[in-house]
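Chemist: Okay, here's what each chain looks like letter by letter:
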Amino acid sequence: GDSVTQMEGPVTLSEEAFLTINCTYTATGYPSLFWYVQYPGEGLQLLLKATKADDKGSNKGFEATYRKETTSFHLEKGSVQVSDSAVYFCALQGAQKLVFGQGTRLTINP
Amino acid sequence: SQTIHQWPATLVQPVGSPLSLECTVEGTSNPNLYWYRQAAGRGLQLLFYSVGIGQISSEVPQNLSASRPQDRQFILSSKKLLLSDSGFYLCAWSVHKAGEAFFGQGTRLTVV
Numbered sequence: 001g002d003s004v005t006q007m008e009g010p011v012t013l014s015e016e017a018f019l020t021i022n023c024t025y026t027a028t029g030y031p032s033l034f035w036y037v038q039y040p041g042e043g044l045q046l047l048l049k050a051t052k053a054d055d056k057g058s059n060k061g062f063e064a065t066y067r068k069e070t071t072s073f074h075l076e077k078g079s080v081q082v083s084d085s086a087v088y089f090c091a092l093q094g095a096q097k098l099v100f101g102q103g104t105r106l107t108i109n110p
Numbered sequence: 001s002q003t004i005h006q007w008p009a010t011l012v013q014p015v016g017s018p019l020s021l022e023c024t025v026e027g028t029s030n031p032n033l034y035w036y037r038q039a040a041g042r043g044l045q046l047l048f049y050s051v052g053i054g055q056i057s058s059e060v061p062q063n064l065s066a067s068r069p070q071d072r073q074f075i076l077s078s079k080k081l082l083l084s085d086s087g088f089y090l091c092a093w094s095v096h097k098a099g100e101a102f103f104g105q106g107t108r109l110t111v112v
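Residue numbers (my numbering), protein chains in the order written: chain A, 1 to 110; chain B, 1 to 112.
Don't take every hint at face value.
[To be verified] List time: in silico DSBU-like cross-link candidates among lysine-lysine, alpha-carbon distance up to 35 Å:
no.	chain 1	residue 1	chain 2	residue 2
1	A	LYS68	B	LYS79
2	A	LYS68	A	LYS52
3	B	LYS80	A	LYS97
Hint data in this document are derived by calculation from the structure and do not stem from the laboratory.
Values in this document were obtained by computation on a predicted structure and should not be read as measured data.
Given these sequences and hints, build the entire structure.
Modeler: If you want it as structure tokens, here you go:
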């Protein structure tokens, strides 16, 4: 069945460091891919998405490219900030259901 | 605009008692509806999803059940709660495959 595997956390970086959070997926057909973010004390919200192969989603300096050949959707940011500290979830939307990875807790130190 | 209501926000229930969590969506028709559980320090586990009235798909065998009596109403139930049912339960909806999913505020269930 459909599944998402995320890089295990927690991840701790210094401000202005480069960030990569790995995400790979298994799915039948052609799913849409998403990154959601959960800031401390808040609910989940969409960060970015890509709906077909080679699409690049971007928002708030974060980027992720839908790679069909490697079944991956890695999240990247060139220079992180303290305000980026949160839990990040990779997700795929198949024909019917929305499946999430286990989440990666990111902490950015000043 | 679309909104999602989930209640109650917090619930403490004794082992063996029944459970009913309700989720309603406003401002959209025929949404896909989902129940997730988020255990402490862990990810989002999909429990049930529904693509239409009376259509429920279960992802994980467990002590819970779900029902969709109306287009925009999704209910999570249990006849007898277990300690292991404790967790943070989230309801969500989406309109179509490529659409964003919107989450309720969640219910923190503690079984004692």
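Chemist: Next, verify each hint and record whether it holds.
Modeler: Hints and how they fare:
no., hint, verdict
1, LYS68(A) <-> LYS79(B), "violated (43 Å)"
2, LYS68(A) <-> LYS52(A), "holds (9 Å)"
3, LYS80(B) <-> LYS97(A), "holds (27 Å)"
The structure fails to meet hint 1 from the earlier list, while all remaining hints are met.
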